[in-house]
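Protein sequence lines correspond, in order, to chains Z and B. When we follow the numbering used here, the leftmost residue of the first sequence carries the number 24, and every step to the right adds one. When we follow the numbering used here, the leftmost residue of the second sequence carries the number 191, and every step to the right adds one.
No lab work stands behind these hints: they were computed from the structure. All of these numbers come straight from a predicted model, not from anything done at the bench. Hints are supplied without guarantee of correctness; some may be wrong.
Unchecked claim - BS3-like, lysine-lysine: derived pairs with alpha carbons at most 27 angstroms apart:
{"#": "1", "chain 1": "Z", "residue 1": "Lys166", "chain 2": "Z", "residue 2": "Lys272"}
{"#": "2", "chain 1": "Z", "residue 1": "Lys222", "chain 2": "B", "residue 2": "Lys536"}
{"#": "3", "chain 1": "B", "residue 1": "Lys298", "chain 2": "Z", "residue 2": "Lys222"}
{"#": "4", "chain 1": "Z", "residue 1": "Lys166", "chain 2": "Z", "residue 2": "Lys185"}
{"#": "5", "chain 1": "B", "residue 1": "Lys364", "chain 2": "B", "residue 2": "Lys379"}
{"#": "6", "chain 1": "B", "residue 1": "Lys379", "chain 2": "B", "residue 2": "Lys298"}
Listed here are the chains, written in short residue letters.
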Amino acid sequence: MNAVAPTPAAGEVDNSAGLRRDQLRERLALFGLCSPALLIVLVILVIPVGWLFYVSFLGADGSFSLENYARMVERKSYLRIFETTFVVSLTTTAICIFIGYPFAYFLSQLPRRVANLCLITVLLPFWTSLLVRTYAWLVLLQKRGLINDWAIDLGLWDEPLKFVHNMTGTLIGMVHIMLPFLVLPLYSSMSSIDRNLLKAAANLGASPSRAFWTTFFPLSLPGLFAGSLIVFVLCLGFFVTPAVLGGGKVIMVSMKIASNIELFVNWGAASALGVVLLVMTVAILWVAARFLKLEQLGGGH
Amino acid sequence: MSERNSDALPISIRGVTKTYAGMHALDAVDLEVRSGEFLTLLGPSGSGKTTLLMVLAGFTRPDRGSLRFGDREVIRTPPHQRDLGMVFQSYALFPHMCVADNVGYPLKIRGMPKAEMAERIEAALDTVQLGGFGERGISQLSGGQRQRVALARAIVFEPRILLMDEPLSALDKKLRDRMQIELRHLHDKLGMTTVYVTHDQREALTMSDRIAVIDHGRLMQLGTPEEIYDRPANRFVADFIGESAFLPATVSNGRVHCAGQPLATRDAPPDAEQLLVMLRPERLRLLGSAAASGSAGDVQINRFPAEVEDLVYQGDSFLLYARLDDGTSLSVRDVVRRGTLDDLPKVGERITLGLHAGDTVVVADREGPA
């Protein structure tokens, strides 16, 4: 910061060429650190997606054609599959918010030690295999499953209710699987909100609910957006749970892709579905990112 | 913001007790805050001063006791119905609102019409010298400006009681000194009853009408700054406020004796078994070397022979560490004259320290109230 003019012996004092070289070397070293990751991304992401794009534009006879995309527009069944996918994803996200937000709020108001203990209840299922959890729901929910048996024994209802192999089962399973993805980012954003803000609002005359909606809730929105987005995007491509608990009645895009390959060995059709799903996901992410930015413009951390 | 002294409310705290895991955070505290006064709760960290403020605000529920604002019993009133302004230590400004929305929050809650609201917000911001800052975001403000916004938000709805929880602790020293004076002026102008919490004794002495010294959840002394500093009720207060060394003293024939010699004191000694003479660095005087003061001299000056241990230059003043003959370490502070310490005694030299009878204060050797 000293205002020193270049001295006559600039060659000895200057050192600028050497310093620039050092900086360049440092940057190259940093870049070197991430090169394995870059390589992996290239091999298992960029190349397959590129291939996917390529295959989706090949017709049955191997020449360039748009027939895979045309089929999606022409056939009603495809439209219904996309509709189901979005309905399931949106509903799952909505139920997750409904259950997860109060839970995350509860966690954020606990002393940190207790909160960490309670977080284990969220993480424990997270560490268990997804397939195991999905089949566990099947055991619980099926016609002669635990829930129906107990409820009939207790006289809550007389006939076994249909919980699985339909939309209800799919949603129950998916909400269970997805909940941690919402709660974790939400909890972390909530626990960074200054607790004194609620006190300040109360001190200034706001009733507890008014204080919550005017201070805590707006500040928790970025976390809520982030969590909901993760859940929604994961739901869009979800396969195992709807396949097991939906019992063939809830057909989502991922399942259609699987059947296109396994049943019809039609890679082009499967690829085209994958591309459309990818484009939609990217579009949603893009819109959401703009939303989040608007949020940040309005203040926040 | 007109003169509103008549609107201020007295606060009456009676027998307020709060225990955490068997420990008394507040131990049957009785305290009367007068209408319109600036009262400071002063104490070390963990003394219970903040707990008491949180009880006033309604954020901490005490085990028992009574709390009245004026004639109204409020001990069970929830915070949002207490109608008092509060400045938080962390300011607790709403980060997602601009300055004007922060300041206008209490008015909006109270359903004030928009036009009147804008007027009041502007007036409050002018009061804290932040006129024209309404559109700014909170993150664009400096620490001192945030402090002012927090203050504006706390006074904009003209509460009759204002609470402040160490509001200046996050500011640097120069700004803090200026804000102390500003806060005091603001209080004089608005006239609301103010309860201020701090652990900084100088801040307390500078700003307060009265100071309540608190330790271990108990009220140690309540008095004006002069009383607290010059007539401490016990050893804790004498030790906590200002610097002081202590010498054990006894009473015989109605006179105070220290180290076998009679002592001229300002007031009659307190009624206690164990007494201590309070020796404050800035009240002690260098009387020259021990050899030079052989004569009896002025009876109004108490003399303490000592040996110089260290001499420290501190710019505006020097600090001389000395050891009395009985081994007690103490210090003497005085201004540096003629820009040099050369005239002062050297380390190891024998000196005599003088303490004027009017500065000789004897306190009871107790850590708590009688």
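Please list, smallest to largest, the hint numbers that this structure does not respect. Of the numbered hints, just 2 does not hold.
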